[in-house]
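Residue numbers (full-length UniProt numbering), protein chains in the order written: chain A, 1 to 81; chain B, 1 to 81.
Treat the hints with caution; some may be incorrect.
When chains are identical, the list treats them as one kind, so a pair holds in a single copy or across two.
[To be verified] In silico BS3-like cross-links for lysine-lysine, where the CA-CA straight-line distance does not exceed 27 Å:
1. K65 <-> K40
2. K10 <-> K34
3. K49 <-> K2
4. K26 <-> K49
These are computed hints drawn from the structure, not numbers from a lab.
There are 2 protein chains.
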Amino acid sequence: MKAEIFVKLKSEVLDPQGKAVSGGLKNLGFEGVKDVRVGKYIVLSLDDKMPIEEAGKKVQDMCEKLLVNTVIEEYAFRIEG
Amino acid sequence: MKAEIFVKLKSEVLDPQGKAVSGGLKNLGFEGVKDVRVGKYIVLSLDDKMPIEEAGKKVQDMCEKLLVNTVIEEYAFRIEG
């Protein structure tokens, strides 16, 4: 079983890394890029015997306790059976 | 228009960050986590007037030229109109 977690900074938080990437894209001549936000993409391989509801609760718990700084970050996740 | 880019290390590349997160989850008592891979989640806000085919080519070009180290990383992206 695989869980994909998408972590990004809350919209009101300044993203210096995103600004740097945005500048880099402009320097390379890419037009039409209004904004760039850079976050974390985490892929967990979970035990296949784990029931999917339990996996969902566990992934949320892992996010809240370790993987996400909930003060400045928000997250979403997807589980594939 | 929004483009989401999912970047992760190729499977044959060691992921020390993933190993550290995996250890951290074990220390917090989370069972059933076989492996952890940590990558980049990049969200681009693109000009709405850009045709979606052009946007696709542009995002791929941006990945190949700046956002992804194609020697050790692989990527996928999704565009929402």
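Comparing the hints with the structure gives:
no. : hint        : result
1   : K65 <-> K40 : both (16 Å within a copy, 20 Å between copies)
2   : K10 <-> K34 : within (17 Å within a copy, 29 Å between copies)
3   : K49 <-> K2  : within (12 Å within a copy, 36 Å between copies)
4   : K26 <-> K49 : between (48 Å within a copy, 18 Å between copies)
Of the numbered hints given earlier, the model fails none.
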